[in-house]
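Student: Starting from the known structure of chain C, fit chains L, P and F onto it as the hints suggest.
There are 4 protein chains.
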Amino acid sequence: YGKNTIKFLRLHREGKKHFVKEVEVCTHLRLISAQEYLEGNNSLVIPTDTMKNIVLVLAKKNGIPTIEQFAIDICKHFMTTFCQVAYVKVYIQEAPWQRLHENGKPHVHAFISVPDGIRFCEAEQCRNGPLVVFGGIKDLKLMKTTQSGFEGFYKNEHTTLPERNDRILCGELFCKWSYGECKDFDFDCIWNKIRECILEAFAGAPDCGEYSPSYQKTVNSIQMFVLSKVSQVQVIELILNNVFYNVLDMKNLGLINDKEVLIPVETPYGSCACTLGRK
Amino acid sequence: YGKNTIKFLRLHREGKKHFVKEVEVCTHLRLISAQEYLEGNNSLVIPTDTMKNIVLVLAKKNGIPTIEQFAIDICKHFMTTFCQVAYVKVYIQEAPWQRLHENGKPHVHAFISVPDGIRFCEAEQCRNGPLVVFGGIKDLKLMKTTQSGFEGFYKNEHTTLPERNDRILCGELFCKWSYGECKDFDFDCIWNKIRECILEAFAGAPDCGEYSPSYQKTVNSIQMFVLSKVSQVQVIELILNNVFYNVLDMKNLGLINDKEVLIPVETPYGSCACTLGRK
Amino acid sequence: YGKNTIKFLRLHREGKKHFVKEVEVCTHLRLISAQEYLEGNNSLVIPTDTMKNIVLVLAKKNGIPTIEQFAIDICKHFMTTFCQVAYVKVYIQEAPWQRLHENGKPHVHAFISVPDGIRFCEAEQCRNGPLVVFGGIKDLKLMKTTQSGFEGFYKNEHTTLPERNDRILCGELFCKWSYGECKDFDFDCIWNKIRECILEAFAGAPDCGEYSPSYQKTVNSIQMFVLSKVSQVQVIELILNNVFYNVLDMKNLGLINDKEVLIPVETPYGSCACTLGRK
Amino acid sequence: YGKNTIKFLRLHREGKKHFVKEVEVCTHLRLISAQEYLEGNNSLVIPTDTMKNIVLVLAKKNGIPTIEQFAIDICKHFMTTFCQVAYVKVYIQEAPWQRLHENGKPHVHAFISVPDGIRFCEAEQCRNGPLVVFGGIKDLKLMKTTQSGFEGFYKNEHTTLPERNDRILCGELFCKWSYGECKDFDFDCIWNKIRECILEAFAGAPDCGEYSPSYQKTVNSIQMFVLSKVSQVQVIELILNNVFYNVLDMKNLGLINDKEVLIPVETPYGSCACTLGRK
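Chains as they are written, first to last, in the numbering used here: chain C, 172 to 450; chain L, 172 to 450; chain P, 172 to 450; chain F, 172 to 450.
The shape of chain C in the complex, shown without the other chains:
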């Protein structure tokens, strides 16, 4: 049980310069008891309202240097404060506020929301177990308009999909990775590096791209690239929900459509997920 979507803004000021972190926190606990379910005995139950208070108090006292560090703080607080807690899990996502710039000059206190990939994290711990931290990015929509195909697949009497060696590849990406043993990571730096790795592995070189023979291979290539470039990542999970773009047949309208007009097919949509760890 727990409290979901505890939303708040943590404002930090350094003179006239302001820094904002707006977050959404979910905190879930499992207790060592069952009496609250079986007998309605609430004596060990920490109200979800108290969970909310704790999150807000920690934000006020510690600030939010990174959402990952804040998730660790919350986990530790629950484990050390309440001996009836058997398991704690914290999820945090960050609102994508970016500092406004005017003619290249950063504004001291104005921000704009730029939701091009949402940063989130998780931290969880069982009593007597290690504290595990996950980083992540979601709602990242990417497209490449060529250098993608799908051929040589399995066929039977229910196959109607034609082979294609030049199609649009477009999808929404969800990526989550674990940090293994928690030391003093530079979470901001790692997150930015992983985001860059994802974009680079998805798109290929700026002048020519790189051919993708399937969603599966692209998913794997991104994972391999991140693992090779970012040593702190232990396990990486990737989900690619792909929107298919159908080249509209315009023959009955008297036109030849040379992949100029394409219709996005939002439902049904394909999905490809893979989890990859180090040996």
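One or more of the hints may lead you astray.
No copy labels: a pair is met if it fits in one copy or bridges any two.
Keeping only pairs whose Cα atoms sit at most 20 angstroms apart, straight-line, the calculated DMTMM-like set for lysine to aspartate or glutamate is [what the hints assert, rightly or not]:
#, residue 1, residue 2
1, K232, D244
2, K192, D357
3, K276, D378
4, K276, E381
5, K178, E431
6, K347, D310
7, K309, D287
8, K400, E273
9, K188, D378
10, K260, D244
11, K188, E273
12, K364, D287
13, K326, D220
14, K192, D287
15, K430, E334
16, K188, D429
17, K187, D337
18, K192, D337
19, K232, D429
20, K260, E352
Quick caveat, the hints were computed from the structure, so don't treat them as lab data.
Tutor: Coordinates of chains L, P and F only, in the frame set by chain C:
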């Protein structure tokens, strides 16, 4: 990998009387191979487009007597047709069309959407494993305006919630149960019975209700009641996402608010989940 | 300017029997002044926070017999209390709570959300003008699986739609009507009657239905039927957003699909709107 | 009547470099006739399916240099092709694809979705009337963490809002402007300039900002600034839906909250709209 939200309507006619099932199907497979991820070798990959075709062909050939039976049909088809499939999972939800009635008379071909609890199911199977079927209901919003409280809970310096013995209990319910070994169940009958059990256990007797000392106890009571009344259910999972209704303090407006005006607090919201099986 | 989505529950008790109205209120004003825009002079500005307080106070004091009556109360309050108000408009929609029934017996304090058509209303008034009240229903999803066609339409070189005399007609309906001079209407009774008229005009007789030659004609038929049956309605506006169901061509899958499997086309969707008044 | 959300991607290639415009088009017509409503006579009705075809054909033939130009093309086509059209209105919004950059280098065919303000436009024309074009931006979320207050407002017994001279100003902005007589505008250039004007007028100077005494004044300042800087704009409409950030009282948690932890209040939300033209 798989195909999500394959939406279609299956129309069945008996003379002038029409019957509709509009469904949304998600089909996911895990193959025995890894070469499609590692090498871009697609030779064993069943395109998600083919999955969609198979779902539509089965719907056309077999009809959809119940979504549970249809999920079983799809699972079996993938397992028996494709030896490269290691695991198959099917999720189906049903659009809540109900036959229109005019002055009590059922209409032969007109329907209205009544989304008061969405019926869904899952079926999954590993190669050489049993086919497991789940039934479920989701998006069921219930409220009781008294006979609910929360007292005697754990308190410390972060507790600000007052004890209450008369509050509103309101939440959105998600319930999923497994059927164990799949025999010839009457899925329609069981689903309706479980829905009734949920409503009855939530609300209590029509003339007086039943006191709920916590969300946890209510969740457990519903589960126990379903298990006691419906022998086909093996394991039952329940999630109650609760909306808190805050009695507005109107003193600064010169009024005493005797639980007449209440403000729903949609974020953050509490959540309580429990899974219960038979011994 | 104004306040949107003021959500609250008004609970009314008669002994053990409870009655609920959960509403969402939007209140908008236009002032006689422009100085707040031009000079930042707020001296005539009624804060949107005060608007919210007023709505809650009126709900507490008067209750909500019907949302229409409550909208009228709010309008009148703003017009009579604030001489700087040039125009007021109130929109209210009602959460679709229905009393739970167990074996036909109504429950004293338990409710279920049944969103099969949302009731809403508007009231507006200009200073020195009449108070105009509108009733409405929205998000009403209806379907008929035959007795609908579309033939004889205008054709040119861009027409690819075939003529059809047996298709599915499915849509989401928005309907809003004005009551003209505001007397003591029985708003509950009228709203229910109009809802029934809409269903009846849409569906036709229960045993055979009625043929619809176009969305336009169906929209008009519903309007004419309401105007003929409900004398209090002065003007009626209707919008029908239709979802097209495409009969899937299964020839390439070796099957003949006799309108058994249909794919809903959610985007793009057609829309048909018409406003009709009395002479 | 018309067709809504006609979604498609227009791909344009110059050698290896690709350019994308993904749009959502809504096309609405009013005909000179009423017989389709009254008699079910469809002879003058242009099917919404044909409207969709026309939009796609024009995209294929003309491309989409800008959405504004494309809206004009569609309007003109309907007016000149169909003499039964009395009025045509076209709405287009553009998906926020931006070219990917790797280490500052633009990618030839990879794109990322960056929804920080959606560009849209409208064009409408009555038979024998002028073609009017509107540009717009919506879903633009902005925040400033100081230099905002609200004081000196009208007070009575329902006022509980305290005066504040240092609050957060945060809102979602909708802006739409008309271009007057349609000549050869550089729509891209103007749109970008207006967006910059909005940001600058909202935020003030980068090093100190500018004090906002109310949402009304900020709305007006933005409008005045756009009108002064962009001569092509005739009339400008602005709606600011503001999210209030409540400074959490943490006294009962033993803490003094110096505007460090703030809770966004998403419902109810205030709204402020104003339309301003040139003399």
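Student: Taking the hints in turn, state whether each one holds.
Tutor: Each hint tested on the structure:
| no. | hint | verdict |
| --- | --- | --- |
| 1 | K232 x D244 | within (11 angstroms within a copy, 47 angstroms between copies) |
| 2 | K192 x D357 | within (17 angstroms within a copy, 38 angstroms between copies) |
| 3 | K276 x D378 | between (30 angstroms within a copy, 9 angstroms between copies) |
| 4 | K276 x E381 | between (36 angstroms within a copy, 16 angstroms between copies) |
| 5 | K178 x E431 | between (43 angstroms within a copy, 14 angstroms between copies) |
| 6 | K347 x D310 | within (12 angstroms within a copy, 28 angstroms between copies) |
| 7 | K309 x D287 | both (9 angstroms within a copy, 16 angstroms between copies) |
| 8 | K400 x E273 | between (34 angstroms within a copy, 16 angstroms between copies) |
| 9 | K188 x D378 | between (39 angstroms within a copy, 9 angstroms between copies) |
| 10 | K260 x D244 | within (12 angstroms within a copy, 38 angstroms between copies) |
| 11 | K188 x E273 | within (15 angstroms within a copy, 30 angstroms between copies) |
| 12 | K364 x D287 | within (15 angstroms within a copy, 22 angstroms between copies) |
| 13 | K326 x D220 | between (55 angstroms within a copy, 11 angstroms between copies) |
| 14 | K192 x D287 | both (16 angstroms within a copy, 18 angstroms between copies) |
| 15 | K430 x E334 | within (15 angstroms within a copy, 29 angstroms between copies) |
| 16 | K188 x D429 | between (52 angstroms within a copy, 16 angstroms between copies) |
| 17 | K187 x D337 | between (53 angstroms within a copy, 13 angstroms between copies) |
| 18 | K192 x D337 | between (42 angstroms within a copy, 19 angstroms between copies) |
| 19 | K232 x D429 | between (60 angstroms within a copy, 12 angstroms between copies) |
| 20 | K260 x E352 | within (16 angstroms within a copy, 33 angstroms between copies) |
The earlier numbered hints are all upheld by this structure, with none contradicted.
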